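For reference, the chains in residue letters:
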Amino acid sequence: MAMNRRQFLKGSAAGLALPLFGCAGVASKGAGPRVVVVGGGFGGATAARYLRLWDPGVDVVLVERNARFVSCPLSNLVLGGSRSIEQLTFSYEGLERKHGVRVVQDEVLAIDAARRQVRLQSGEIGYDRLILSPGIDFLYDQIPSLDNVQAREQIPHAWKAGPQTVALRRQLETIPDGGVYVIGIPLAPYRCPPGPYERASQVAHYFKQAKPRSKVIVLDANPDITSKKGLFTKVWSERYPGIVEYRPNSKVIEVDVAARTARTEFERVRADVLNIVPPQRAGNLARDAGLLTVDRRWAGVDYLTYESNAVPGIHVVGDAISAPPTPKSGHMANQQAKIAAAAVLALLRGEPVNPDPVFANTCYSYVSDKDAAHVAAVYRYDKAKQALYTVNGTFGVSERASEQEGEFANAWARNIWNDALAT
Amino acid sequence: MKKTTALALALLIAFPVSSALAGPSRGQALAANCAPCHGTDGRSLGTTPVLAGASRGDFVQRMQEFRAGTRASTVMRRHAKGYTDEEIVQLADYFSALQR
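These protein sequence lines map, in sequence, to chains D and V. First residue of the first sequence? That's 22 in this note's numbering, and the numbers climb one at a time after it. First residue of the second sequence? That's 45 in this note's numbering, and the numbers climb one at a time after it.
Since the hints were derived computationally from the structure, they do not count as laboratory data. Careful: at least some of the hints might be erroneous.
Straight line, CA to CA, 27 Å or less: simulated DSSO-like cross-link-like pairs of lysine-lysine [what the hints assert, rightly or not]: (1) LYS125/V - LYS404/D; (2) LYS125/V - LYS406/D; (3) LYS391/D - LYS236/D; (4) LYS250/D - LYS125/V; (5) LYS272/D - LYS236/D; (6) LYS181/D - LYS250/D; (7) LYS181/D - LYS272/D.
All values reported here derive from a predicted model rather than from experimental measurement.
Given the sequences, and given the hints that come with them, work out the whole structure.
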């Protein structure tokens, strides 16, 4: 079990930290460097595990505000009705028990990069290097009426898995046959490029079974489907004809919360269930630490180390960074976390980092309860341009969704969760 | 402030150390790319094949067939094309040395 604030403080203050960590051997004071990892999602949890896997001599503290990990990948299946949120929820226990990562459940108040300290509600922790995996936060100034908690209960984004996902599923369950579900998609870049289209497919799957006269309207701010276009177009016309309606260039600019109506430049669209995914930027922690060097929205990093190009000693991974042409996905966060972990270990030893990283992405999308399709690519680093590029011939999308790929997608989920959390 | 010092101090004394500083070998770092689908160290929990303990020769041959497009696959033809011959051998060395 992850320590909550009080246990953490108690254990520490009493000098009894050792039994809590359950690992053999006590270091002498100052024997090894400490890496603090902030954020226990796909990026942070994976980084914490691999730091310890690759170097048990490093002290790794993972700070996460939630007691449990809830997976965004597969959470659209909760909306479709074939998974429960419990099946996507995991503890951080494996990281503590199997790898000696010290998991602290706490809120980060501030990062003091000059003193290399993270300020928590329970106190301060010093670091030699910090890995920050802050995820995303929303640009509510672009849709002001959603900038309060009550509005978000009625108009959920469900773009961070958890209570929002459950709330959206409940709304879908309550509407009558013949009801209208509307999803608003922000301009790219946003977390999980195929996610909104997968979600439209999942809701259509649910409607087809349970409420066949209902409709899914997709209001996409983008001029076209941003990921797996051919696949989704085919899925909607072949599997869900008359259910899914796609409207490009339809940026939601305001919402009437009480009337459940979305406003675009051209029209007002009334819904029974309104699901607006707001535009996004790097998580607040990255903003507050002064890391947003790309369009004032994303953290700019060195792709050999993932160290911020604004603040030394802070490495950033996951959806919060700008790393074109790679997508913002859990798979990418997993891969960045490992490159960052290896680089941090090398830097702590004063050794050179790997000059030629290679890594890959795969995003599976389920278009029903069983069938899935992938988009995949392998990426490398161009030294001269200091940029990432897609290796020739590696990018591609499944021709169609299949049950076989549904099984591989499920295997992917189980393996990537375990890779991050040692479940 | 006192609390803070105690916390920091406890953090300093208490962490478990088991070896000198290490880091991943090139093969190990490459193999970590495959973990999201094939499991940590190739010990898959699902229907994707286990890579730990693979025969070195078979491994290299399959990767080359995926790359050439002569072996049926859903996604491996894309991934296999991302790696050089040398990297495929490093991956084969790493996975074949692991216990299944």
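Do the hints match the structure? See the list:
no.: 1; hint: LYS125/V - LYS404/D; verdict: holds (20 Å)
no.: 2; hint: LYS125/V - LYS406/D; verdict: holds (22 Å)
no.: 3; hint: LYS391/D - LYS236/D; verdict: holds (21 Å)
no.: 4; hint: LYS250/D - LYS125/V; verdict: holds (23 Å)
no.: 5; hint: LYS272/D - LYS236/D; verdict: holds (19 Å)
no.: 6; hint: LYS181/D - LYS250/D; verdict: holds (24 Å)
no.: 7; hint: LYS181/D - LYS272/D; verdict: holds (21 Å)
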